[in-house]
Structure formats: C-alpha cells, structure tokens
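Engineer: Below, each chain spelled out in residue letters.
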Amino acid sequence: MNMVVCVKRVPDTSESEVHIDASGKDIDKSRLSFGINECDNYAVEEAIQIKERLEGAVTVISLGSKESDEVIRMALAKGGDEAIRLEDDAFAGGDALAVAKALAAAIKGLEYDMVFTGALTDDDGYAAVPVALAELLGVPHATYVKKVEILEPGKKAKVGRELEGGLMEFLEIDMPCVLGIQTGINEPRYASFKGIKQAAKKEIALKSAADLGLDVSDVGEAGSWAVLEQFTPPVVGEMAEILEGEPDETAAKLAAILKEKGLV
Amino acid sequence: MKDIFVLIEHRRGEMRDVSVEMLSGAAKLGGTVVAVLLGKDVDAFAEKATGYADKVLYVNDAMYENYNSELYQKALSALIREHGPGVVLMGNTAQGVDLAPALAVELNAPLVTDVTALEMDGDKPKPTRQFYGGKLDAHLAMKDADLYILTIREATFVAEEPSKSGEVVKADNPVSEEIPYRKFLEYVEPEVGEVDITQSNLLVGVGRGIREDKNMPVVEELAQAIGADLAASRAVVDAGWLPSDRQVGISGKTVKPKLYLAVGISGAFQHVTGMKGAEVIVAINKDPDAPIFGIADYGIVDDLFKVVPKLVEKIKESKGA
Amino acid sequence: MCAEELDFVEKYDLLGCIQCGRCTGGCPVALRTDLRVRCFMNDTQNEERLEELSEKPEIWDCTTCFTCAARCPKGLEPLEVLIGLRSLQIEEGKVQPTVRDALESIFKDGNPWGSPRAKRLDWASDLEVEVLEPEAEETTDVLLFICCTDAYDPRVMKAAQALVKVLIAAGVDFGLIGDDESCCGSEVRRLGEEGLFEMCDEENVELLNSFNVNRIVAISPHCYNTLKKEYHGLKVPVLHYTELVAELLEDGKLELPKEVAKVVTYHDPCFLGKQNDIYDEPRYVITRIPGVDFREFDRCRERSLCCEGGGGKMWVESESKEERLAEIRVEDAKEMGAEVIAVACPFCLLTLEDATKVKGVDEEMQVMDILELLAEAL
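Residue numbers (this note's numbering), protein chains in the order written: chain A, 1 to 264; chain B, 1 to 321; chain C, 1 to 378.
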C-alpha cells in the first residue's frame, strides 16, 4: 500500500486574537504560533498506522515556503518515507481549487493507493481540497472521514463519513482514492526529536510550477476563481453584555443574574 | 439573469432545513429559482419545494435513495449542462462539501464553499465567508464565469413561508447505471451514553480553553454547583476528555437548554450551530474577540481558571442564601 | 530501539542495587499510586522486559523529586531508571496527548504552554526592564532566566513581576533575554525526551554564553538545577533567586520598609532543597520580612513532601484517586495556622494553590511566592 499525505502549515488562531494587517487582505502573524493543520495531523497518523499494519510507503507533500519543512519533517519522523514540497511564488494566494491543481500535478506521477488530506484547514476552511483533488486525479473520494478499514489492500476500503448530528455514513470505496480526514479518527503520535533529526537527513524534493508542468496562470491567485478582496471583523449579532471587573466581581454579577433568571 | 439551481438535501426520509433556507435566500437574489431533487419516491419533497421554487426538477430513481457523491455528480453535471443555470447552491454540509468541489472541477466552474452571506452583482455572486474559525469575514471577488457553484452554510438564509407555486418537472434520469467504485453501505447512529444532553435544561459547555484533562474538575464543579450537565466542543471530545455523546455542534448534538454556559469555547460556527437555540447563553473566554460573545447574552472576558472557581463559590453562596 | 539504549544494567548501575527498598520506602508518590520504584530497579535488569515495563502507566507517576536517590545507600539514582523507561515510550511516539503537545510546543516555540514565542515577554510589558544584547561591550551583573511558566501563566507571572520590582528596589544591574529565551528543558529531560533536551542544552548554552554578564539568576528551581548541573559549557555561575535576594538583604542593598503581618510557612521545592541543598536562604529571606510570623512544617527541609509538580507531572495526570500530596501539605499548613504557604517555585505555586481550592481553604490561606511577599514589603 502506497500512500500520499498532504499537509499544510498554518497559524494557530484557536486561542489567539486575530488582527487584520494594513493590507486588509491578511492577518498579522507576528505574534502567532504555527504548526501542522489540525486535521492534517490526523491524516498523517492514519496513513502511518496503515503503513505499519500493511507495509508500504508514505509520501508527504506540502505546498508552502521553507518554513513548511518543519511540519514535513515531523511527519517524516513519525514514519513518512519521502517528501515533496511545492514551492513557487506563483502558488501564492491560491483558492482551494488552485491548491488542488498543484497537489494533483505533484501526485499524478506517483504510484499511490490512497491519498490522505485533512478534511479542512484551520485558516481558510474551504474544506474543498480533498474532493477537488480526487476529481483532478480521476479517482473516487470521501471526505469528513472518521473511520478507515482496509478490506483488500490496494483494492478496497470501507470508510465511515461523519455527518451532521454524529451520524456515520459507511461506504465502500475502490482504490486508488482520496480521503479527507476528520479530527478524532485516531490519536496522533509524538515525533521525537531524535526522529526529527534523522528525518532531517531525508531529502525534501522541491517542485516549482514549471517542474509540475503547470502554467503560472493556472495556479495561485492567477489560477483562482475567487480572490480575497478584504477581511473585516465578523458581523456579530447583538454583542453579549460584558460583565466588567475582577474575577470576584464578575463572578458575583453572573451568579446574581443566574439566580434572578431562576437558572440556579 | 440566469437560473439559480438549488440542490435539495434530504436524508432518511427527511428534507433538511438548509434546503428551504437556500430556496428562500435564492428567491431574493432575483432570477428563476429551480429546485433540483434527486431521490427515490420523494414526491412529498418535490411538492414542498414548489412552495419556494419556480420550478422543481425532480429525478426519481432508486439509485438516489441514499446520497452517493459519484452518482449525484454525474446527474447534476448532466442537468447543469442541459439547463445552463448561472449559479448552483448546495448546503455546506457533509453532503455538499463531499460533492461541490468535484462538480466544480468537472465543469471548470468557480467554487466558494461555506458561504455566510451572498449578494449578486448581475449574474456574478459576491460571497462572504469566514476564515480562521469564524474570527474574520472574508469578502471575495469572483472572476467572470458562466457558472458558479456555492455551498451555503446552514442558517445563512432564513427559511420563509412558502410563497411560490412552482411546477414539478419530472426529468429523466441522466445516469444510466450504478457506479461500482463508491457504494453506500449503511448509516450508523452515534452511541448513546448515560446522559442525554438534548434533554438537559442546564448545560455547561467546555471548550479548548480548558487546556488539559486534569483541569476538568474546574468545570465539573461548576456543573455540579448549578445542577447542570457537561457538554463539550469538538476539541474536548477529540482529546478524549468527555465522551462523544457530549459533543455539541454540527457533528454532535443540537441542544436547546434554558442555560448554556460556555467555558473556554471560542464559538466557531460548528459549535454555535448546535447551541444557539439556548434560552440564555453565557460565555467565559479570555479572548475579547471570540465569536461566542456575538451570540451570548452575558459574557465575562477573563481567564476561566480565575473566574470559574469564584463563580462556583458565588453560586453556592446564593443557593445557601 | 538500538542496543546501547537497552543497556539499562550498565547505564543505571542496576547490579549495584541491593534491593533494600529505601527508595520505595521514601517515595512520596508511593503513598498514593502503584509506583514501586524498587521493583523497577530489579525488573529492568532483564532486557527482554524493558518494553513491557515501559508501558506501565505508573512510570509516569514519578515526580523526579530525588528522594529515592538521596536515600539510596549505594548512591544509585532509581528515578533515572524510570526516566529511561519513559524515553523508550517517547522514541515510539507513544505518549499522552498533553505530553506530546507540551514537547511539540517546546520544539516549535521554546515553551511547553502552546504559546507563541513572540508573547514571551508580555508578562513584563508594564515594567521597566532591559533586554540584553548579545556580545555587549559593557558587563551586566545579572541575567535573569525566566521560566516558561513564569512567562506565560497568568498566575505565576506575578512572581516574575515581583522579582523585577525587588531587583529594581535593590538597585541591581540586571537584564532579560527577551523573546529568544527558551525552555531550559528540565521537564523535557524528565519526560524522557533526551534528544530534545540535548537541543535545549546546546542552544541555551550558546545563547547564554553570548551575553556579557557576571552571573545568571534563575527564578525557577527547575531551571536553576538544569542550568547549573545538567548543561555543558556554561561560562558563568548560576544562582537561584533566593540566593541573590539573601545576598542583597545581607549586604543591606534591599530594604523592606513595610510590615507583612502574616503567619507564613515555607514549602521546600524538591529541586531547590533535596537536589541542591538550598534550605537556609529562603528561610533567611522570609524571616527578614518585617511582621512575618514564620512557622515550619513538620516535614521540612530534606524531609519535605513533594508537591507533585515536577518530573513532567504538569502534563501527566495520575490515575490515582487518593488525596494529592499538595492537599496533604495544605492540610498540614492549615493545622499549624498558616495564612500563607510561601514557595520558591512556579510548579509548587500552581499545585499548592490548586490544593487550597480543592480543600476549600483558599479564602483563609494564600499560596505566594516569596517574591510576592517581598514585593508587599517594599
């Protein structure tokens, strides 16, 4: 079983304030921490667990600048075998379909049975890459996958998709295929420093748009249908009444409100 | 203006709310609204859709009994090529997201997923969607194209009362045979645990802000003091700190308690969708810009580890008083 | 796993063990968990059992407090065997998600708290502090090494802020590293992540040696212990802040004009007391604060009970439901009528303060860093 995993390095904004920068089209990333996109981390683990059970190789692919090597190396340290990084100024500003085009061009030449990506990214949240990628590769897909069972290596898998309300939809899918992996499917392992050091010896193949046979007008912002005009703070409904003061005071105010409303 | 296609979403004998929402929203964009319905003997849904659409394109075939993206894609691309709509709307749901990107690639059409607001500039959509887990709105400009495919977040449009009386057009099934490479097997219900949070009157929702398993007693004490059950965001369930039957949100439960006290929950829409129907929402979060404050009635901007223990104290006092 | 890693017998001198049981006998967590360190001293002699032993959850109960080593009549360090077993799990990537996230965060951002490096100095944003330049011509007397927990934890940073106020009041010539400061790696090593610890050692030694300073003062006993005893090639001496403050008081450079009329006891941090024999300086400092009524715990100094905050325990929850050691400590403090448990370690501060809440005595009893008491006396 040969597998490909696509990973992306993203800023972690889950617990940080997000500020729009002067251009209005990007955020100030100087005070953010970066790491592997959350779903992608589970995708890496899923591929590696399958490799450990059934033998085979895992190729890690990332589209991004040099900093992305860090997330690639962590995936290699966990058990990835080869790595490709797609780097080209022309890739910048691409929407999900443009990203999928670049990934597809890189994957086309590889021998693979399954491609794993995260179901969605923490930054733009398009959730479109796995499904678009499958169509570009001409193979079947499933996304929001939270269960993978290999029925016949290289041939068939049983896949569970997580639907609204936690309902699972099980389906049978032929290989090769692309699966968009949802968080919670497994428990991602730790990449030890020693492993990362050893992985640093592995070569990360760099590919530009030209290397992939892509015209620069097909990728990045030029190859995107949707272009970001500007960011604004989200429109919120009526803001909550914010209780002010030290923890002692805010807690007392809230307790009083809850009591008045008969909630405690 | 060209027609707007709206894909009707249904599952296990129920038409999903997002369908009527999209039809209602599409009616306001101008142009002819065409509901597209693929299913097996779902005449009742076709009938319902006539109240919102100018036309209902209904393909009735056993192969559409359960959603299968490959079959849906084949059918939709054929119908789109035949009828030439300018915009196709689908729900940004586990179904829509599994389908729209492939369809867009096949038809070489622009795609924007998870749209949260939509205007039209002639035949060209001007969508707004969110980045960074709902922390920013992104306003997008679309390049010129003949067809645009958009997936619409649930509750983006308000479901209106029926005001149209469209006709049902039964279309021939454009797909001649089942496909072998992706087969629907079955639906499996999530496991039910000891507490059914959909029945709880009072809920304390705990999110990523709790940071560690060993901090759980902080919120457990709060829940105990109030007499509430614990609910959780996805991150907490993924980490294994609470069982999956406590998860609130799109892929979890939808709850409507009298009180939802969100602790350390930023309020990404995936979670908010499941709890915004609560009568009173209170949020405690250290990020003043956390989207949860946009839907909460009361908020405290502070470190939960400072506020919650105090709150437990005050609630105990007020109960004693 | 390669052969040299498996050679536990040689690495930890296991054949020297006489199985007297003083290690388990003195082990504070043996009171509440299944950990029996003597058994590991015996069982790890069988190389074939190492993998199985490394999968036992109780190896993560050890707080690396050092009592077992301090009491071993043969001079062995049983805790290191447990760390060795942990490292086997680390190599396999099989660790709790909280441990994984803490270690990844240190690798990426230089701190275990999942916070960006760029926010490292936020704790000092309202203070007048100098950030040192590497290779400066002028010598600065003191370089403050701020623990990640002091830098990022909203409660603990108050201790770091108090330290700055104290040093300014005493006219000390000091500076900070700023955003380039990284985790010392004390917990990294004790979680069994040897490779990452080596990185901490190399990078921090290079960084610290680049500053033109007379001495380094660490706020945390864990950083202190690691910088002083586990780093390779550090050029200047390392002190714990209690040593510096004691010196400032003795030399009359620090004056404490205000009274702090409180009954205060002191909890010895394992990494300051048991592991570095610093018992007198903290007591000297506390008793120099006017108005303080100082009382000793029954179990104090080398017999002091561990708070269970070290050895990576900030990220590992024990399966035991028995009373935490910190809770026992708080009860003892309550019995002697203490209003303040003074500490000199960020982990002790957090674990003991939690325990006062669990015990419901957080109204009448405070847990404070000695620095916070000093700041009140300024």
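Read the hints as simulated data drawn from the structure, not as lab findings.
Treat the hints with caution; some may be incorrect.
Listed below are the simulated BS3-like cross-link pairs for lysine-lysine, each with C-alpha atoms no more than 27 angstroms apart in a straight line [stated by the list, open to error]:
#1 LYS259(A) x LYS124(B)
#2 LYS155(A) x LYS214(B)
#3 LYS214(B) x LYS56(C)
#4 LYS261(A) x LYS108(A)
#5 LYS74(B) x LYS158(A)
#6 LYS357(C) x LYS214(B)
#7 LYS183(B) x LYS108(A)
#8 LYS124(B) x LYS183(B)
#9 LYS119(C) x LYS66(A)
#10 LYS147(A) x LYS51(A)
#11 LYS214(B) x LYS11(C)
#12 LYS197(A) x LYS357(C)
#13 LYS56(C) x LYS202(A)
#14 LYS259(A) x LYS276(B)
#15 LYS306(B) x LYS94(C)
#16 LYS108(C) x LYS29(A)
#17 LYS229(C) x LYS286(B)
#18 LYS261(A) x LYS164(B)
#19 LYS259(A) x LYS183(B)
#20 LYS197(A) x LYS359(C)
#21 LYS119(C) x LYS51(A)
#22 LYS259(A) x LYS74(B)
#23 LYS276(B) x LYS261(A)
#24 LYS253(A) x LYS183(B)
#25 LYS146(A) x LYS286(B)
For the chain C half of the interface with chain B, some residues (derived, Cβ under 10 angstroms), not all of them [said to hold, decoys possible]:
#26 GLU92
#27 GLN96
#28 LYS357
Note that beta-carbon positions come from the ideal geometry of N, C-alpha and C, so glycine has one too.
Engineer: Against this structure, judge whether each hint is valid.
Structural biologist: Against the structure, the hints:
no.	hint	in the structure
1	LYS259(A) x LYS124(B)	52 angstroms, violated
2	LYS155(A) x LYS214(B)	43 angstroms, violated
3	LYS214(B) x LYS56(C)	20 angstroms, holds
4	LYS261(A) x LYS108(A)	61 angstroms, violated
5	LYS74(B) x LYS158(A)	22 angstroms, holds
6	LYS357(C) x LYS214(B)	14 angstroms, holds
7	LYS183(B) x LYS108(A)	25 angstroms, holds
8	LYS124(B) x LYS183(B)	36 angstroms, violated
9	LYS119(C) x LYS66(A)	23 angstroms, holds
10	LYS147(A) x LYS51(A)	16 angstroms, holds
11	LYS214(B) x LYS11(C)	34 angstroms, violated
12	LYS197(A) x LYS357(C)	43 angstroms, violated
13	LYS56(C) x LYS202(A)	33 angstroms, violated
14	LYS259(A) x LYS276(B)	21 angstroms, holds
15	LYS306(B) x LYS94(C)	33 angstroms, violated
16	LYS108(C) x LYS29(A)	15 angstroms, holds
17	LYS229(C) x LYS286(B)	38 angstroms, violated
18	LYS261(A) x LYS164(B)	42 angstroms, violated
19	LYS259(A) x LYS183(B)	54 angstroms, violated
20	LYS197(A) x LYS359(C)	46 angstroms, violated
21	LYS119(C) x LYS51(A)	39 angstroms, violated
22	LYS259(A) x LYS74(B)	57 angstroms, violated
23	LYS276(B) x LYS261(A)	18 angstroms, holds
24	LYS253(A) x LYS183(B)	56 angstroms, violated
25	LYS146(A) x LYS286(B)	31 angstroms, violated
26	GLU92	19 angstroms, violated
27	GLN96	8 angstroms, holds
28	LYS357	6 angstroms, holds
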